[in-house]
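Protein chains in written order, with the numbering used here: chain L, 1 to 419; chain A, 1 to 97.
Keep in mind the hints are simulated off the structure, nothing from the lab. No residue lacks a Cβ here, since even glycine has one placed at the ideal position from N, Cα and C. Among the hints, erroneous ones may be present.
Here chain A is said to cover these stretches of chain L; the calculated rule only asks that three of the stretch's residues, wherever they fall, bring their Cβ under 8 Å from a Cβ of chain A [unchecked claim]:
hint, segment
1, 247-254
2, 305-316
3, 401-414
Ranges of calculated distance between the beta carbons of each label pair, as one might list FRET restraints [claimed, not checked]:
hint, chain 1, residue 1, chain 2, residue 2, range
4, A, A80, L, N102, 22 to 32 Å
5, A, I14, L, L334, 21 to 31 Å
6, L, A159, A, I14, 26 to 36 Å
7, L, T415, A, I14, 16 to 26 Å
8, A, A63, L, H282, 20 to 30 Å
9, L, P27, A, A63, 54 to 64 Å
10, A, I14, L, A31, 49 to 59 Å
11, A, I14, L, N110, 22 to 32 Å
12, L, N102, A, A30, 37 to 47 Å
Letter by letter, the chains look like this.
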Amino acid sequence: MAEYSAFSLLKNALNGNQDWKPAWRKPDPKASYDVIVIGGGGHGLSTAYYLAKEHGITNVAVLEKGWLGSGNVGRNTTAVRSNYLLPQNTRFYEHSMKLWENLSHDLNYNVMFSQRGCLNLAHTPAQLDDYARRGNAMRHLGVDAELMSVKEIKRLVPALDVSGSARFPILGGLMQPRAGTARHDAVAWGYARGADRRGVDIIENCEVTGFLRDGDRITGVTTTRGDIRAKKVALAVAGSTGQVMQLAGISHMPIESHVLQAFVSESLKPIIGTVLTFGMGHFYISQSDKGGLVYGGDLDGYNSYAQRGSLPVVDEVMSEMLALFPGLARVRMLRSWGGLCDMTMDGSPIITTGPLPGMYLNCGWCYGGFKATPASGWCFAWTIAKDEPHEFNAPFTLDRFYRGLIIDDKGQGATPRLH
Amino acid sequence: MLITCPYCGPRDVIEFTYQGDGNRERPQPASQDLDAWNAYVYDRLNPAGDHNEIWQHSGGCRAHLRVVRNTLTHEILSTAFARGGHKSAGHKAGGHQ
Numbered sequence: 001m002a003e004y005s006a007f008s009l010l011k012n013a014l015n016g017n018q019d020w021k022p023a024w025r026k027p028d029p030k031a032s033y034d035v036i037v038i039g040g041g042g043h044g045l046s047t048a049y050y051l052a053k054e055h056g057i058t059n060v061a062v063l064e065k066g067w068l069g070s071g072n073v074g075r076n077t078t079a080v081r082s083n084y085l086l087p088q089n090t091r092f093y094e095h096s097m098k099l100w101e102n103l104s105h106d107l108n109y110n111v112m113f114s115q116r117g118c119l120n121l122a123h124t125p126a127q128l129d130d131y132a133r134r135g136n137a138m139r140h141l142g143v144d145a146e147l148m149s150v151k152e153i154k155r156l157v158p159a160l161d162v163s164g165s166a167r168f169p170i171l172g173g174l175m176q177p178r179a180g181t182a183r184h185d186a187v188a189w190g191y192a193r194g195a196d197r198r199g200v201d202i203i204e205n206c207e208v209t210g211f212l213r214d215g216d217r218i219t220g221v222t223t224t225r226g227d228i229r230a231k232k233v234a235l236a237v238a239g240s241t242g243q244v245m246q247l248a249g250i251s252h253m254p255i256e257s258h259v260l261q262a263f264v265s266e267s268l269k270p271i272i273g274t275v276l277t278f279g280m281g282h283f284y285i286s287q288s289d290k291g292g293l294v295y296g297g298d299l300d301g302y303n304s305y306a307q308r309g310s311l312p313v314v315d316e317v318m319s320e321m322l323a324l325f326p327g328l329a330r331v332r333m334l335r336s337w338g339g340l341c342d343m344t345m346d347g348s349p350i351i352t353t354g355p356l357p358g359m360y361l362n363c364g365w366c367y368g369g370f371k372a373t374p375a376s377g378w379c380f381a382w383t384i385a386k387d388e389p390h391e392f393n394a395p396f397t398l399d400r401f402y403r404g405l406i407i408d409d410k411g412q413g414a415t416p417r418l419h
Numbered sequence: 001m002l003i004t005c006p007y008c009g010p011r012d013v014i015e016f017t018y019q020g021d022g023n024r025e026r027p028q029p030a031s032q033d034l035d036a037w038n039a040y041v042y043d044r045l046n047p048a049g050d051h052n053e054i055w056q057h058s059g060g061c062r063a064h065l066r067v068v069r070n071t072l073t074h075e076i077l078s079t080a081f082a083r084g085g086h087k088s089a090g091h092k093a094g095g096h097q
C-alpha cells in the first residue's frame, strides 16, 4: 500500500518514480459482505471509509459501474462551505466543514483543502438584509460569517467591477472565511485508499442490474460481475437514484435528475483569491491552483441524464461572469462538461434507513454534494451501522415530504429546477 | 434544443419554461385524499429515456405543451397542446403517441 511522506517522495524521486504501489487493490467480488455500498463516488467511498474507521465494519464492498470517481466527485466546482440559513442544514454542513479541516491528516492524503473563504455578493439593500439575517443565523450555531463592505470587497478581489455603473452594482457581501475549495479527485482517491487499507473491497466496472430479495427484504444485488449477497445494501448513486430504485420496484421518488454544467478557463495568474458568488443570477467562481478559473451557474432546467448541457446556459453563465469581471471578456474557456444532479423537492438531501428492509438510502444532493462528502459518508455510515440516524442527519428523511417537515433553505417549493 | 410549438413552429428552448413531469395527476380541488395530493406535489417518475413532460411557450404564444422528450439524448419525439388532457400522451414513460 502506498504510504506518503516527505521521505517516500524523496526516495521515489531518486528512483525515477518506478516503485510507487497502487493506492488501492483491484479485488474480485466475494460471494457476500456485511455491507454493500452501491456507487463509488465521493459519498460511497467516504461511507465505506467511515464504516471501517468509526464502526469497525470492514467486510464491505463498494460497487462502481464505471471507474472510481467518474461521476460527480470529479465534475463539481470544488467549493466547500457551510453558509446555510436553516439549522438542520447548518449543523450538518458545519459538521462536514470540521471533517474537511482535518481531512488531509485523517486520510494521509493531501486533498488540498484551501480555506480561502466564500463571498456571496449582494446587489440590493433587501438582499444585504437577507444576508445579514443568514449570517446571524450561522453565528447563532457557531459558524463563522462576516458582512463585508464594498471597500473591503474591492480590496479582497481587485478585479471585480464594484462601480456604480456595473450592470448590477455591488452593495456588500456575506463572507464565510473558513469556506474554500478542495482538490476533488484527491478526495475520491484519498477515501478510496483509506477504505481499501482498512479492508474494504472497491470493485470497479461492476454495475448493479437488480436486487436479490427475500420477500420485501433486500438481501443482495445482481451485478455484471455476478450475484453478491449482503446483510445491508446502501445506495449512494446521486443522479442515478431513480434508476436504481426502479430496479428495487420503487417507481416514484421525490427527486428529478437534472444536468448542471461547469467550466474551466485557460490558466491565469492569481486574480480571484476566494470563492465568489453573484447575487443577481446564479453564478459562482474560484481559481484553481493551476490558475484556471472554475465556474458555473444554473441547471439547464429540465430532466436530463445526458451529462452534457445546452448552449443557452453557457451564454448565460458567461454573461454573468462578465457582469462581475468585464476584464475577463477575452479569456478563453478551456473545457466544459455536465454532471447529473439528484434534485429533491426541497433542495435538501436524504440520508436514511429504508425505504425497504435491508436498504439504506443516501441521495438528493442537488448541486451541493461535494462539500457534503465527509459528513454524508460519516452520517450514512452511522445510520448503516446503528440502524438509526445520527442527530445530524435525522431531519433528512425520505418521508419528510409527506409529513410537512420539508427543509427548504431557498424557499422555492417543490420545483427542483429552482433549488 | 429546438421545440416545435404546434402554433408557432420550431423555436429555441430559451423561449420555453419547463413545467416538469407530465405524468402527474392533479386531484380534484375538493379532494381530501392526502396521499393523492402528496403524490401530485412530490413524486416524480424521473425516467432515463422517453419522458412525458409539460412545457409552456412563455416567450411566444404562451400555450402549454405536452412534450415527449428523451432525457438521455434530449431528442424531442412529439409535441402537442396540453389542453387535450395530459393522459393522452401516455401515462408511462415511453408511452408516447
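If you check the beta carbons of A63(A) and H282(L), does the distance land in 20 to 30 Å?
-> 28 Å, holds
Holds or violated: 26 to 36 Å for the Cβ distance of A159(L) and I14(A)?
-> The hint (26 to 36 Å, Cβ to Cβ) holds, given that A159(L) and I14(A) are roughly 29 Å apart.
Given coverage of the segment 247-254 of chain L by chain A, tested with a Cβ cutoff of 8 Å and a minimum of 3 residues | Holds: 4 residues of the segment 247-254 of chain L have a Cβ under 8 Å from chain A.
Verdict on chain A covering the segment 305-316 of chain L, where coverage means 3 or more residues with a C-beta closer than 8 Å = Contact hint for the segment 305-316 of chain L vs chain A: holds, 4 residues under 8 Å.
Take the segment 401-414 of chain L, compare each residue's beta carbon with every beta carbon of chain A, and decide whether three or more fall closer than 8 Å.
-> holds (count 3)
CB-CB spacing for A30(A) and N102(L) relative to the 37 to 47 Å hint = The hinted range 37 to 47 Å is violated for N102(L) and A30(A), with Cβ atoms some 56 Å apart.
I14(A) and T415(L) - C-beta distance against the hinted 16 to 26 Å = 18 Å, holds
Holds or violated: 54 to 64 Å for the Cβ distance of P27(L) and A63(A)?
-> For P27(L) and A63(A) the Cβ distance comes to about 57 Å; the hint holds.
Confirm or reject the claim that A80(A) and N102(L) have a C-beta distance inside 22 to 32 Å.
-> 57 Å, violated
Whether the CB-CB distance between I14(A) and N110(L) falls inside 22 to 32 Å = 43 Å, violated
May I ask you to test the hint 49 to 59 Å on the CB atoms belonging to I14(A) and A31(L)?
-> 53 Å, holds
Is the hinted range of 21 to 31 Å satisfied by the C-beta distance from I14(A) to L334(L)?
-> Given range 21 to 31 Å: holds, Cβ gap about 25 Å.
The structure fails hints 4, 11, 12 (numbered hints given earlier, in ascending order).
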